[in-house]
Amino acid sequence: MALAFDEFGRPFIIIKEQESKTRLRGLDAQKANIAAGKAVARILRTSLGPKGMDKMLQSPDGDITITNDGATILEQMDVDNQIAKLMVELSRSQDYEIGDGTTGVVVMAGALLEQAERLLERGIHPIRIAEGYEMASRIAYEHLERIAQKFEFDATNTEPLIQTCMTTLSSKIVNRCKRSLAEIAVKAVLAVADLERRDVNLDLIKVEGKVGGKLEDTELIYGIIVDKDMSHPQMPKEIQDAKIAILTCPFEPPKPKTKHKVDIDTVEKFQTLRQQEQKYFDDMVQKCKDVGATLVICQWGFDDEANHLLMHRNLPAVRWVGGVELELIAIATGGRIVPRFQELTPEKLGRAGLVREKAFGTTKDRMIYIEHCANSRAVTIFIRGGNKMMIEETKRSIHDALCVARNLIRNNSIVYGGGAAEISCSIAVEAAADKYPGVEQYAIRAFADALDSVPMALAENSGLQPIETLSAVKSQQIKENNPWCGIDCNDVGTNDMREQNVFETLIGKQQQMLLATQVVKMILKIDDVISPSDY
Amino acid sequence: MAVEKLFKDEATEEKGERARMASFIGAMAIADLVKTTLGPKGMDKILQSTGRGRSVTVTNDGATILKSLHIDNPAAKVLVDISKVQDDEVGDGTTSVVVLAGELLREAEKLVNAKIHPMTIISGYRVAAECARNALLEKVVDNKQDAEKFKSDLMKIAMTTLSSKILSQDKEHFAKLAVDAVMRLKGSTNLEAIQIIKKPGGSLKDSFLDEGFILDKKIGIGQPKRIENAKILVANTAMDTDKVKIYGARVRVDSMSKVAEIEGAEKEKMREKVQKIIAHGINCFVNRQLIYNFPEELFADAGVLAIEHADFDGIERLALVTGGEIASTFDNPESVKLGQCKLIEEIMIGEDKLIHFSGCEMGQACTIVLRGASSHVLDEAERSLHDALCVLSQTVNDSRVLFGGGWPEMVMAKAVDELARKTPGKKSHAIEAFSRALLAIPTIIADNAGLDSAELVSQLRAEHHEEGSAAGIDVISGSVGDMAELGISEAFKVKQAVLLSATEAAEMILRVDEIITCAPRRREDRM
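Residue numbers (the numbering used here), protein chains in the order written: chain A, 2 to 536; chain B, 479 to 1005.
I should point out that these hints are in silico values taken from the structure, not numbers from a laboratory.
Glycine included, each C-beta is placed from N, C-alpha and C at the ideal position.
A hint or two may mislead.
SDA-like, lysine to any residue: derived pairs with alpha carbons at most 20 Å apart [said to hold, decoys possible]:
1) K359/A x A671/B
2) K39/A x K493/B
3) K396/A x V268/A
Not the full set, but computed from the structure, chain A residues with beta-carbon under 10 Å of chain B [stated by the list, open to error]:
4) N69
5) N82
6) I174
7) I265
8) D305
9) I338
10) R341
Take a look, some chain B residues computed to stay more than 10 Å from chain A by CB distance [stated by the list, open to error]:
11) F502
12) V534
13) K588
14) L614
15) K617
16) K622
17) G680
18) E689
19) D694
20) Y770
21) I994
22) T995
23) P998
Bound-form chain A, shown alone (with noise of 0.2 Å):
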């Protein structure tokens, strides 16, 4: 490590425990940087596109998981390299704002990284590369909005969401299924869409799995699963037109928050006191037998005693239910969660044309089935499968696809899939390039080469001779003036995008340009890296 000395040979130092800790500086600081960028870019770069592997990941605890999405893969890494952290934030943010593309963004961080070496080995400085990059984003940022085709759609006609969903759902293991996965993604996202606002919350939509069955036999329910059984076993196990108690309280004595005692010291009190207990619990069942309820669903347990009653006064409860599940209840039947018995008034009861209980296997799993339910926007995907890895990777990429039919509502533009737009961004980045008189013109040139190098992997990945095709690919584009020539991945026989209805998102698309190179600006501007060494 340099160390400045002063006149007399002593060091000066300025870092606490100086000699403890390893420092990069310079090219060196950079240069490691972007190989850590790189290594994390690498381990995605064979999961992109539809012939595009998985990746096994054991966590600490010894479980599995086998992925195919970017964001879950990094995630589950538990990397220790900053760098390398970096990417793994670059990927979560684009699995926040958009949901889709984790893989892709991670990829065109590591190539332009990988450029970006090239330009520092030639003595170009990090900050102006940088400033090429944030010039030759926005050159690509409009050009995507130029090459970028409405498309409309409505309740009736969801094709176009179906497409767009099953480019998506293609690059994962439940390819299998993608038509009909699409299909119930789509129309999860359409229950639940403000059409008006252009809005989705995706909150409403519950995705439940169970293991067994088979994957076609994933479906989409109008109304909430809960994994409950009833809170006494003789209790009716369908219930026709539910009028539902959403409570908060526990059918137990109450526990003031207040410290309290109650003293018993005469034979009385004691048996006043028991007559109290049993009045409370008849009251409660009476209070919401009284409001006309037929079902019961609260957030906590109950007393033996009061699950009895409840029973013999015919009102099926169902206990232990989870916050967020009490909510989507509350939502789809169109009640109130009441917090006091007191507060129990017939306006506030959910409705629900149909409760059941329905059993699983041969183990006694038991769900309830809440539907027809007065206000349908909260609706449930039920997903089963073979095993439990199975569900989750279906649970994750059923979430893609719910986000892709949400960011489509949002904005109904569409670019061309299959590297087809990355293509198109980068001749015309290519051609911007030489316009620019500074130094930043062949940062820009070689941001126009990083966008290839997603159609390469795309072209790797299926098979195919990656340099040969792209280079194909890129002359038809620019020969034809067509934005729609991709990558084959599929091996169908033509280049046309439209034609293979393979299409991704204007908004998931542009975010991934911005968020990579944003991200790489950062890497570059990093001069000096102090970390603590092993000791």
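Chain A is already provided as a structure; the job is to place chain B on it using the hints.
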């Protein structure tokens, strides 16, 4: 340039070929492990637990074996998981599913070595699985309408399932037990209504099905040992002190006499409760919780049979059998539904006294009493019977039936083979491999029985060349036999689940090209 360290210290990363190899090897090792238990002549495994006592389990059940293994290989874990799901979903075929997945991967490995891309293999497998399923669908027999035939189907399935288990000696006896028990359920898959009681002693042949209900409890002292036309109240209530449930209540007294008073009041309270219970007009009271001496004495005085501490399942089952409801409050006797049965008596099985409820109102539930030489035998017998019951109850719902003895595999293999010949492109290699993997199952069955598998399987294949053949491996005589005559059947649902989840698992493992193992979590207590 040296890549900076990306992962934490103990994390490992395996890529490409190495990753694939690791998962192939892991999966095949697991498949080979359980392979020898397949088929009627399959062998058992001894499992010793690492827990205290080093308890030993002897079993033939794939799911049980795999559940107790501690596995580190991630691909192997996938196989364990599918076996578990198979157990939960259909109950049987837990070994077959693992073996088939293992064979699929073994074939895939060869293809990968021949430079065929995993994605191509996957798409071939998918087509093949669909084709195999359709081939089975074409051949299923559904005898739902014909009650007599359906029952004999069930009987055959039960015998086939049991023949690979420890119960195979008395499989007819047990098959009858299982079929009877399941028929009583009348289509419900709720196996809780069938109670299995294990009592060491006697031989397996002495096991029997009881129409009524047997509770593994003793009758309180001084209470009637035999009640006719019993009225039963099933309850879940505290019969000890009946605590005051209002929060913060406590007893504070200032003199000894007060203590006595309170005690008196408490006793009075309990007496009242007991009086209320007796006022229901019952002569038998079954409680989930403890019954203290004092109320027990009161019950004895009133001539009521009081049974304490029946476990939760017992209570639910009893309520189901006798048609009563589980009560926790006793204030309005007129509306509580009491359970009824003709006779309650104490019976002896071996050394133990049990309470027997017979002539119950609802015929749904029943009890199977298993007898056997040792607790290990009994445990295994219970597992086997459980498998049979699961399969039967599933078959009652989905009554499609196939032949057994490697017949379905041969049918599927044939159809898949034909498909392979029609399919152009590299995919056809994968489809062919799928058919080979299917053939491995009859091969293993034959091998396990010590037969010449190559000879038998080729004979079988020749037989199956003709349309509508019912040939399968007859392990008993060691030759190819007619499965229809031998009465070896299997449930379609089981076979379908085996096929689909094995393919799904193989597909998942094949798609992986990188394994990242995180650093194991540090235990707090360093050893």
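Each hint, compared with the structure:
1. K359/A x A671/B: holds (17 Å)
2. K39/A x K493/B: Judged against 20 Å, a Cα distance of about 16 Å means the pair holds.
3. K396/A x V268/A: violated (60 Å)
4. N69: holds (8 Å)
5. N82: Constraint on N82/A satisfied, holds at 5 Å.
6. I174: holds (6 Å)
7. I265: holds (5 Å)
8. D305: holds (5 Å)
9. I338: Status violated, d = 23 Å.
10. R341: Violated - the Cβ of R341/A stays beyond 10 Å from chain B, reaching only about 16 Å at its closest.
11. F502: holds (12 Å)
12. V534: Holds: least Cβ distance 25 Å, greater than 10 Å.
13. K588: For K588/B, whose nearest Cβ neighbour in chain A is about 19 Å away, the distance exceeds 10 Å, so it holds.
14. L614: Fine: 14 Å to the nearest Cβ keeps L614/B off the interface.
15. K617: holds (20 Å)
16. K622: holds (20 Å)
17. G680: Non-interface label stands for G680/B: nearest chain A Cβ at 28 Å, farther than 10 Å.
18. E689: holds (22 Å)
19. D694: holds (20 Å)
20. Y770: holds (17 Å)
21. I994: Label violated. Min Cβ-Cβ 5 Å, cutoff 10 Å.
22. T995: Given a closest Cβ separation of 4 Å, the condition is violated.
23. P998: violated (6 Å)
Violated hints, in rising order: 3, 9, 10, 21, 22 and 23; the structure is consistent with all others.
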